[in-house]
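Full structure from sequences and hints, please.
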Amino acid sequence: MSKIHVTTTINNDPAEFLCEAEDTLLDVLRDTLRLSGAKEGCGSGDCGACSVTLDGRLVCACLVLAAEVEGAKIDTIEGMSDGENLHILQKKFLEHAALQCGICTPGILVASKALLKKNPDPTESEVRLWLAGNLCRCTGYDKIINAVMDAAAEMRGLE
Amino acid sequence: MSLDEFQKRDFKVVGQRVERPDGIDKVTGRAMYGADAYATGMLVGKMLRSPHAHAIIKSIDTSAAEALAGVKAVVTAADFAPLEAGDAHNVLDACIARKKALYDGHAVAAVAATSEKIAKAAVKLIEVEYEILPHVTEIEDALKLDAPIVQEGFRNKKIPADMSDNASNYYQFGHGDVDAGFERADLVIERKFRTAATHQGYIEPHACLASMGPDGKGDLWCCTQGQYYVRALCAQIMAMPESQLRVTASEIGGGFGGKTTIFIEPIALKLSQKSGRPVKIVMSREEVFKASGPTVSSVTDVKIGMTKDGRITAGDAYLRYQGGAFPNITCYLGAQSAFAAYDLEAVRTVGINVLTNRPKQAAYRAPGAPMAIYAVESVVDEMCQELGLDPLEVRLLNAAKKGTKSSYGPTFDDIGLVATLEAAKAHPHYCAPLGPNQGRGLSCGFWFNFGGNTSVSLNINFDGTVGVTEGNPDIGGSRASISMMAAEELGIPYDKVRTIVTDTNSLGHNDVTDGSRVTFAVGLATIKAARAAIREMCNRCAKLWDIDEDAVVWKDGFAKPAGPNAGDYEPMSLAEIAAKSPNTGGPIAGHFEVNADGAGVSFGVHLCDIEVDPETGFTKVLRYTVFQDAGKAVHPDYVEGQMQGGAAQGIGWALNEEYIYGADGRLQNAGFLDYRVPVASDLPKIDTVILEIPNPGHPYGVRGVGETPIVPPLAAVSNAMAQAIGTRMFELPMSPPKVLKAIKAARG
Amino acid sequence: MRYTAPSTTAEAVNLLASNPDGARILAGGTDLLVQLRAGIIAPELLIDIKHINGLRDIVAEDGGLRIGAAVSGAELGEHEAARALWPGVVEAAELIGSTQVQGRCTIVGNLCNASPAADSVPAMVAAGAIARVIGPNGSRDCAVGEIPVAPGRNSLAPGEFITSILLPARVEHASDAYLRFIPRTEMDIAVCSAGVSLKLDKSGICVAARVALGAVAPTVLLVEEAADALIGTTLDEAALADLANACAQASAPIDDKRGTVEFRTEVVGVLAKRAALIAKARALGETS
Amino acid sequence: MVRVLIWGSLQSATDGQAKVEVEAKNFKQVIDALGKDYPGLTEQLAQGVSLAIDGVIYKESWFTPVRPDSEVVLMPLMAGG
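Those sequence lines, one after another, are chains A, B, C and D. My numbering puts the last residue of the first sequence at 159; the count rises by one with no breaks. My numbering puts the last residue of the second sequence at 748; the count rises by one with no breaks. My numbering puts the last residue of the third sequence at 288; the count rises by one with no breaks. My numbering puts the last residue of the fourth sequence at 81; the count rises by one with no breaks.
Be a bit skeptical, because a hint or two may be false.
[Claimed, not checked] Derived PhoX-like pairs (lysine-lysine); straight-line CA-CA distance at most 25 Å:
1) A/Lys118 <-> C/Lys257
2) D/Lys25 <-> B/Lys157
3) D/Lys19 <-> B/Lys402
4) B/Lys158 <-> D/Lys19
5) A/Lys91 <-> B/Lys685
6) B/Lys560 <-> B/Lys8
7) A/Lys91 <-> B/Lys496
8) C/Lys257 <-> B/Lys620
9) B/Lys741 <-> B/Lys620
10) C/Lys257 <-> B/Lys738
11) B/Lys405 <-> D/Lys25
12) A/Lys3 <-> C/Lys257
13) A/Lys3 <-> B/Lys117
14) B/Lys158 <-> D/Lys36
15) A/Lys118 <-> B/Lys685
16) B/Lys157 <-> D/Lys19
17) A/Lys3 <-> B/Lys738
18) B/Lys192 <-> C/Lys257
19) B/Lys738 <-> B/Lys303
20) B/Lys744 <-> C/Lys50
21) B/Lys555 <-> B/Lys496
22) C/Lys50 <-> A/Lys73
23) B/Lys744 <-> B/Lys620
24) B/Lys120 <-> A/Lys3
25) D/Lys19 <-> B/Lys405
26) B/Lys8 <-> B/Lys401
27) B/Lys741 <-> C/Lys50
28) B/Lys117 <-> B/Lys99
29) D/Lys19 <-> B/Lys401
[What the hints assert, rightly or not] If you want the footprint, here are the derived chain B segments under chain A, 3+ residues with CB under 8 Å:
30) 245-253
31) 474-487
Bear in mind the hints are in silico, worked out from the structure with no lab data behind them. We put the beta carbon where it would ideally sit given N, CA and C, even for glycine.
Quick look at the structure:
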């Protein structure tokens, strides 16, 4: 069977790929486009390690079919920094030591960015609830929450 | 090692909160983990796994799979030459079933194909004829004399004759006259505790990429806590010399002990050998739960005697651990650590291991200790309640300290238990008010900490910067700590040093990243390697200045004349010496290889407040504080991170995490939906208090910190539960149905 | 497997009807993709309905709201009018999965998946929501509660699919609420759940109620006795105790890895009581 | 002579003694002497043991010195997570 041709925009750049109907967006990102920043922790939407945004909406790339993203705009961890300039969230994660093994970090950063776009001034419990779909097994979440809160404050200050 | 390594000093770099060297890669998605590797011509490997908990494999027909277009190799246990009894033998049998499938999810065959889709299709074409046998998954069932026998040949001679053949190990420790101790007690309480098997729950599934050449050379890329151990096991299994197998550890997406062994690597190597192409295997999450190495489940009886003023007169514990179809060592680690926090005249612990039809357990952070100490700390707490004594004061009264003969034999040197207890007592958390349905729990925790075989190489680059090469995967920020110790010893800024974790063929042997050993042992070797480089730099200066080698000393990054008699020379910086090194004899380096001892035990104390919904049994953790002795916190952020992460895992273990097996012997919750690790909104802020009681066995006083923090949460949460609901529970996890049942039972 | 994204419902019905065994509707995909991966289903054709005109819209209709089948949980949650009208339904929809899952999941998918533990279903049943079904013989309307018939099985005929849900209009002094029990705070499947919709008179006495329970029977339960326990009362202690009893009486749960019969039977009544009080407070305008 | 503490379940091999005396100056000599004097210990010694010498646990280091007054405790081989 012939493959499906998909035209899309990834991290503001035009992208095209061929996929099979059963391929997920995560399969294509990682294996076809070699954007391996999104990680597969479960393949069932339970861990959030493959978080990306699809037309601005936070999703698990493992729960989206590649064929579905025709004409869509996808943003991944690879597009988060602006060249050499890290996003404030990325800087704050480093400053607050909000990562240990780092496997959940790309997904948590993408999810946090989506949160701060929607809610620039979240409470700590709003951050915790928003990130409940992003499992982290190393940190106990504490330093992650601190980093997101601090980034939010700094981003508000810039506006 | 000498016991007086530690020397007091003012640190310049150690103790700072510097940025980690792998940070940028990890926040930009560039870090390469197990599943991120690619090789040209790579095939996809997939396993066929047994749906039965216990079954004889009568035949395997792989012909249809082999005939499928795109399939390049099929492997079964028959492709591996039999091994002598021992570690590698058991590991291989756990990776792929030889005669019997021993647990639900046990691999029986594997294929390598040109795509995942073809590999999946091929796996379905393999026909296995099973003869299903009765199975056993629970400890007490496995110990019954009429229980199905999981595997013969593991029973050791010390096991009492009247015990089932599923018992594989039996250890007894202790000292003093326990019975006389109980006689002296005003109160004796004996209780039985159960803990469910849990999983380390690392977010990165096991993954590897194997490449075997027709010349017998192999390369293996995998996520592991120990590339050298992977090499040793795989070389034995593949019957190849270690020198011909290079193992490179990827970035590791969490391990916690679960990546100290192998599950897929030999299969990938064999598939690669048979197909002549590189093969990548990535486990699914379901495979991780079913067929990696969860921790043991346990049943423990604890009996303690106490005088009415709170002195413990004797302690007795009988611990049974099941760790799947193979023997494991948690029984003695648990039995030795059960009463480690106490200074006891009389103590006796017995640990036994039981085989069941479950996957071969792997280590999980302080293996064996959390369950043992949960049982002991629960009984101590109950006795305090019964006698109307303050639980913290009773711990202080009985605390092990320097000079205490430990429950496992040796006498303690400087240890931090009393200091952590005092810190907890002084902390506002200990006297914060509690509301209705709330409770506060306290528990001590302990871990031995290990040293072990370690190699470090440190190179002084011509431009005055420094490269450190080490061989232990960085699981929680160790590259930062190691760079910091190198910078400290050399007297140069942290950003002049870069530490990398190397492959097996670029550095001497390093033991697995286990036992909280890396910051201690690799740090120690790094300091010694730096000292070797310093000696050489001083020698080069002596040549330049034409004075005696002994007349040059090193201070704050400079070589200097030892004193006025040595001569009047301008001190030379490391950078200056490095720049001249081609002229003075060539590149300068230091290295150090050691089997490090003197790790120094670690104690912690946790305080936990919870609130229970009395109508539903739902538990909310309100407040949590961790107190722990780090010896010297090299990078305080990552010490806190270990303390918080361990606490979070322990809270999960206490409240909701468990392996649930059905009557059919199959795992019912092989996914993150029903294996419930704590999510961000489940936890409060986890406060940390680091204490620094220097370890005499390390130049900077460092102790391992990674494992102790998972030990206290089980009892801390359980003790808080007893206060919150007014009745004590004796089984983990304390999931809502059990909590509600306990509340209703207490109400009558 | 093939993938197709028709632009009209007629096209989708044709595709569905011409592949009677092997076609599945794809909207949010949060259940479908998990089942595909696990090998539970292996359809020949996936029909993505997100590109069909109107299926991603929420529109006012007769004082109520019509929610398109491809409206995600997040979109519904952001819809102020929906929140104001049926806060219980919206909060139930928002409990489906994580933030990431919210970006994709739909209440129609939740309904058609026919899990007894589906969060939005008891809330929709309590709300008296109506599903619009389209098929080879045209469209029909059907009470939401009639869609699931057994765990994993729905009542849709071959070739049929749901295009929208109508949340009906609501009179004054009425509101709803939904609560579920999970062992964690997020990321779980309901162990049991309760949706309550009620209407008060001016003096605060309940004059109409609907109580629907989840995960205590093979399908969602609409418990009339539970509603009767509330009607004519101010939701005093005695009425709430009767409500809890009625819920327990009606429940016929199973023991499984997520909960026990005993636990579900007891806790479902607790949830119904609490949901009733929240709905009452909302009806009185005390909370949102 | 060095006194070595034997853990409980091994004491069947040392005639019930919790402490035995061996002629040894280092780790290896302790292990060798134990195996020679108490053949019942050989199964365990083959499986691997650690020695705690004056409070510090040694896994394999044969030439770690042992003094006559050292506290020497036989322990199973230590490994962790």
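- Please flag the earlier hints that this structure goes against, numbers listed from lowest up. 1, 2, 12, 17, 20, 27 and 28
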